[in-house]
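Novice: Sequence:
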Amino acid sequence: MSNNTGTTTANEPLLIPYRNKEKHGFCTADKKIVIECIYENTNPFSEGLAAVALDYQCGCIDRTGKLVIPCTYDFIGFFNEGLAVAQIGEKYGYIDKEGKQIVPFIYDSAEEFTDGLAIVEKKSGMGMINKAGELVIPCKY
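So for the sequence shown, this note's numbering puts the first residue at 1; every next one is plus one.
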């Protein structure tokens with residue numbers, strides 16, 4: 001899980017991660033519980049979804065608490081430009097907001113997309129990919 005401030009719109013209340021004993025959930029700024037503390041860990045919401053951990057596996061919930069991406073990943077980062085870095089075993093790839101693999105899990109590390117590009121790393125070095133998963137700069141630097 002990673003750290004980010006999350007975003008909200010004018011008609012959506014800010015949902016704040018909170019902890020009760022060893023479990024995590026979400027509440028509003030006035031401390032109204034919106035999503036019960038049932039998770040081992042949570043990330044703030046990004047692009048309408050929040051990564052959560054259950055049984056040491058990560059998935060994503062929507063603002064109502066509905067699990068929209070099953071908890072089958074070792075890590076899920078923040079959604080940026082419609083995609084999130086995800087990890088299975090030792091490899092990283094990218095998923096969309098439905099949990100569909102968009103970029104294969106072939107990288108040793110991966111960063112969030114910015115302006116349509118993301119830094120990825122293989123043993124051969126670092127490079128950049130576009131949102132289709134195509135290498136724009138080879139992994140040799």
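If you're looking for bench data, these hints aren't it; they were derived computationally from the structure. Virtual Cβ for every residue (Gly too), placed ideally from N, Cα, C. Warning: the hint list may mix true and false statements.
Here are the computed lysine to aspartate or glutamate pairs in the EDC-like style, where the Cα-Cα straight-line distance is at most 16 Å [stated by the list, open to error]:
(1) 91 - 62
(2) 97 - 121
(3) 91 - 115
(4) 123 - 108
(5) 140 - 121
(6) 140 - 90
(7) 66 - 108
(8) 23 - 40
(9) 123 - 74
(10) 91 - 74
What follows is a list of derived Cβ distance ranges for each label pair [said to hold, decoys possible]:
(11) 102 - 65: 33 to 39 Å
(12) 33 - 102: 16 to 22 Å
(13) 109 - 32: 22 to 28 Å
Novice: Hint by hint, say whether it matches the structure.
Specialist: The hints, checked one at a time:
no. : hint                 : in the structure
1   : 91 - 62              : violated, 25 Å
2   : 97 - 121             : violated, 23 Å
3   : 91 - 115             : violated, 23 Å
4   : 123 - 108            : holds, 7 Å
5   : 140 - 121            : holds, 9 Å
6   : 140 - 90             : violated, 20 Å
7   : 66 - 108             : violated, 31 Å
8   : 23 - 40              : holds, 5 Å
9   : 123 - 74             : violated, 20 Å
10  : 91 - 74              : holds, 10 Å
11  : 102 - 65: 33 to 39 Å : violated, 25 Å
12  : 33 - 102: 16 to 22 Å : violated, 34 Å
13  : 109 - 32: 22 to 28 Å : violated, 38 Å
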